[in-house]
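Enquirer: Take a look at the letters that make up each chain.
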Amino acid sequence: MREITYAQAINEAIRGCMLKDERVVLLGEDIGCYGGVFQVTAGLQAEFGPQRVVDTPISEAGFVGASVGAALTGMRPVTEIMFIDFTTCCMDMIINQMAKMHYMFGGRGKVPMVLRTNIGAGRGTAAQHSQSFHAIFMHIPGLLVVAPSTPYDAKGLMVEAIQNDNPVVFVEHKKLYIEKGPVPEEMYSIPFGQAEIKREGKDITIVATHALVQRSLNAAEQVAKEGIDAEIVDPRTLVPLDKETILNSVKKTGRLLVADEGHRTCGAAAEIAAMVAEEAIYYLKAPIKRVTSPDTPVPFSPPLEQAFIPDEKKLIPAIKSLMAYA
Amino acid sequence: MKLKNEPLLALYATMLTIRLFEDRIVDLYARGEVPGLAHLYIGEEAVAAGVCAALRADDYITSTHRGHGHVIAKGAELKPMMAELFGKKSGYCKGKGGSMHIADMNIGIMGANGIAGGGLPIAVGAGWSAKWRETDQVTACFFGDDASNNGTFHESLNLASLHRLPVIFVCENNLYGISTCQIMHQPITDIAIRSTSYDIPGCVVDGNDILDVHQAAVKAVKRARAGEGPSLIECKTYRWRGHHEGDPNQGERYRTKDEIAQWKEKCPIERFVKKLIKDKVVTRKKLAEIEKQINAEIDAAVQFARESEFPVAEEMYADVYV
Numbered sequence: 085m086r087e088i089t090y091a092q093a094i095n096e097a098i099r100g101c102m103l104k105d106e107r108v109v110l111l112g113e114d115i116g117c118y119g120g121v122f123q124v125t126a127g128l129q130a131e132f133g134p135q136r137v138v139d140t141p142i143s144e145a146g147f148v149g150a151s152v153g154a155a156l157t158g159m160r161p162v163t164e165i166m167f168i169d170f171t172t173c174c175m176d177m178i179i180n181q182m183a184k185m186h187y188m189f190g191g192r193g194k195v196p197m198v199l200r201t202n203i204g205a206g207r208g209t210a211a212q213h214s215q216s217f218h219a220i221f222m223h224i225p226g227l228l229v230v231a232p233s234t235p236y237d238a239k240g241l242m243v244e245a246i247q248n249d250n251p252v253v254f255v256e257h258k259k260l261y262i263e264k265g266p267v268p269e270e271m272y273s274i275p276f277g278q279a280e281i282k283r284e285g286k287d288i289t290i291v292a293t294h295a296l297v298q299r300s301l302n303a304a305e306q307v308a309k310e311g312i313d314a315e316i317v318d319p320r321t322l323v324p325l326d327k328e329t330i331l332n333s334v335k336k337t338g339r340l341l342v343a344d345e346g347h348r349t350c351g352a353a354a355e356i357a358a359m360v361a362e363e364a365i366y367y368l369k370a371p372i373k374r375v376t377s378p379d380t381p382v383p384f385s386p387p388l389e390q391a392f393i394p395d396e397k398k399l400i401p402a403i404k405s406l407m408a409y410a
Numbered sequence: 006m007k008l009k010n011e012p013l014l015a016l017y018a019t020m021l022t023i024r025l026f027e028d029r030i031v032d033l034y035a036r037g038e039v040p041g042l043a044h045l046y047i048g049e050e051a052v053a054a055g056v057c058a059a060l061r062a063d064d065y066i067t068s069t070h071r072g073h074g075h076v077i078a079k080g081a082e083l084k085p086m087m088a089e090l091f092g093k094k095s096g097y098c099k100g101k102g103g104s105m106h107i108a109d110m111n112i113g114i115m116g117a118n119g120i121a122g123g124g125l126p127i128a129v130g131a132g133w134s135a136k137w138r139e140t141d142q143v144t145a146c147f148f149g150d151d152a153s154n155n156g157t158f159h160e161s162l163n164l165a166s167l168h169r170l171p172v173i174f175v176c177e178n179n180l181y182g183i184s185t186c187q188i189m190h191q192p193i194t195d196i197a198i199r200s201t202s203y204d205i206p207g208c209v210v211d212g213n214d215i216l217d218v219h220q221a222a223v224k225a226v227k228r229a230r231a232g233e234g235p236s237l238i239e240c241k242t243y244r245w246r247g248h249h250e251g252d253p254n255q256g257e258r259y260r261t262k263d264e265i266a267q268w269k270e271k272c273p274i275e276r277f278v279k280k281l282i283k284d285k286v287v288t289r290k291k292l293a294e295i296e297k298q299i300n301a302e303i304d305a306a307v308q309f310a311r312e313s314e315f316p317v318a319e320e321m322y323a324d325v326y327v
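Residue numbers (our numbering), protein chains in the order written: chain H, 85 to 410; chain W, 6 to 327.
No lab work stands behind these hints, which were simulated from the structure alone.
This structure is a prediction, so every number in the text was calculated from the model and none was measured.
Treat the hints with care, as some may be off.
As the list claims (entries may be wrong) - The list that follows gives simulated cross-link-like pairs (lysine-lysine, DSSO-like), each with its CA atoms no further than 27 Å apart:
1. H:K194 <-> W:K283
2. W:K93 <-> H:K194
3. W:K84 <-> H:K104
4. W:K9 <-> H:K194
5. W:K94 <-> H:K194
As the list claims (entries may be wrong) - Now the in silico label distances, taken between C-beta atoms and shown as ranges:
6. W:E257 <-> H:R207: 52 to 60 Å
7. H:K104 <-> W:A323: 27 to 35 Å
8. H:K104 <-> W:S202: 38 to 46 Å
9. H:L388 <-> W:E314: 56 to 64 Å
10. H:T380 <-> W:I188: 19 to 27 Å
Idealized CB from N, CA, C, for every residue including glycine.
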C-alpha cells in the first residue's frame, strides 16, 4: 500500500468529505493559501475556494462560535485551532456552547462539527505552543475526543468525525504530522470507541495514546530483548473509551502502564488508570503506573524539553519496574 | 413606513403577552413553583416584539439569559415554555435547560444563552450558514449593554461585516450589567458608535417605542436579506425588576426608586396603547378582549405546567450525545 503522512491522511479525509458533502466547510487561521501551519489543509482552498475554506481573523471565540451556529443550522464545519493552547481563547464556545447545546435544548438541535487542534512538545515552542491538555475535553460531557496515532487511523477517524452528528474535538499530535504510514486511497471510516491492539503481548498492557503509541512500540522492542512481551492498546478515541478492550488486555497480562503526553494530574492516563482500578483491580499483579508529562509547563531549553517529554527513556524503566512484581 | 391596523395590534399583543407572562412568573417564582433563576424582561418588551415582527418564521434569533421576551416574540408556545420554567418533562427542553436555554430550531430559536455575549458568535454562524446554503434567512442577535464589552461582540461584528453576513445585532441597553451601571462599565453613552469600527450601519432607537424599534429592524432586515451585510441597533431601555427574581429589593441596591419610577413612566405598552387609541386603531374594549384572551392562554400554560410530570432521574442521561 502507498504511504502518506499523518497530515496528508487528514487532508485526504477532509477533501473526500468536502467532495461528497457540500455542507462541509473549513474555518481557521491561515488554513487557506498557507495550508495551515502544519499543512493539514494544503491545497483545499485552491480546490474549493475561499468561501468554503475560510481564513479567519485571530478571533477564536468568534469563529468557533460561528461554527457552532453554522452546525446548528445545517452545516458541518471542520474548524482548526492552530494549537491546543489557543483553545483557551474560546473555551466558552467549546465548553458552554458547542458541548451543551444538544443537551440543554432537550435534543432540539444538534452541533455536528469537528474542532481540529493539536498537542505535543518537542519542537522548541515552549509553554504556549506545546501543551497536551486534551484531557480537559474528556471532562466535558457532550464532546467526543479523538486521538489518532497513525496516518491510517487519522484518515478513518476524521471521516467518522465529520460524519458524526456530535461535536468532536479531534486532537492531532504535531510530532506525528510528518510520520508516514500505509493509507488506502479510498474513503473509509473507523468507528469511535474501538481501541486497536497495536502489538500483542502477554506480560504487560501498555495503554498508549498519540505519539506514545510509537514510543511504546519502540520500548516494547527494546524490552523484548530481555524477554518481556508487552501488549500495546491504542484507544484511538478517549471519549468514547473502549473500556472492554483495555480491561480484557489487563485481565490477560495483569499489569498496566498508561502512557499519555498530558500532564500527570487529572490527565487521560489518570482516568484510564482509575477506570481499570475500579473495574479490574483484582486481576492486577502490580500497581498501575503512568508515564506522562510532568506537572510543569513545557520548558523551552532543548535539554529541559527533552527531559519533559514522555518517551522511551521513561517507558522502559517503567515497564521493567512493573515486571519486577511476580 | 405606515403599518395597518392588524400588524399594529399584533405588536401590541406580543408585548402584552410578554408582560403578562412575566408578571405571572413573578407570582409563580415567589410561590416557589418556578425554581432556579428567572431573569425577567418587564419594561423591555418593545425591543423583542419590534424586532421579531420584522422577521420571518424561518429567520433565526439568538437570545440572552433574559430571553423570555425574545422567544415569545419569535413564536414560542406558552405551554412548553411554562413547563420548561417549571422543570417539567413536557417543557421545550424536557426540563433540562430551564429559563436560560429555551430553544426551538423549528422556529429559528437558537437558544437563550446563559453566557453574556455567548450568542453573538453563534448568530454570526447562523448568518454564515444562510450564506453558504444560499438562503435569504436573516439572524437577529440580542445582547445587552455590558455584553458589548466582551470580546465576542467585537469578534462577531468584525466577522459579520468582513463577510457581509445577514445578521442584525440588537443591543438592549438597559443601563446595567447586573448591578454595574453603564457609566461604570464603558466610557461611551451610545454603544451604536461601535459600529463605525466595523464599517456597518449603527443607530440608536428609543427601545421603549415599539414603532421606532420596528422601523429600525425592518430597515436592517431588508439590508441583510439583500446581501448587504449586518447592522447594529442600540435600543435604549430599562428593566423594571431586579437582575433576576430574588435580586434584593428588585435592584434598589444599585438603582434609586426615582430612577425606576421615571422609567416606568415610559412604559412601552402604555405608550403604545395611548397611540393606538389616539389614532383610532382600536377601542379600549377591544384591547380588554385581547388582554383577556392572553390571560386565558397563560392560565392554560400554567395549568399545563402544573399538571405535567417531572422527568425521572434516568432521563438525566439522555441527550448528552445525539
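Enquirer: Each hint: holds or not?
Expert: Tested hints:
no. : hint                          : verdict
1   : H:K194 <-> W:K283             : violated (48 Å)
2   : W:K93 <-> H:K194              : holds (21 Å)
3   : W:K84 <-> H:K104              : violated (42 Å)
4   : W:K9 <-> H:K194               : violated (39 Å)
5   : W:K94 <-> H:K194              : holds (19 Å)
6   : W:E257 <-> H:R207: 52 to 60 Å : holds (58 Å)
7   : H:K104 <-> W:A323: 27 to 35 Å : holds (31 Å)
8   : H:K104 <-> W:S202: 38 to 46 Å : holds (40 Å)
9   : H:L388 <-> W:E314: 56 to 64 Å : holds (60 Å)
10  : H:T380 <-> W:I188: 19 to 27 Å : violated (45 Å)
Of the numbered hints listed earlier, those contradicted by the structure are 1, 3, 4 and 10.
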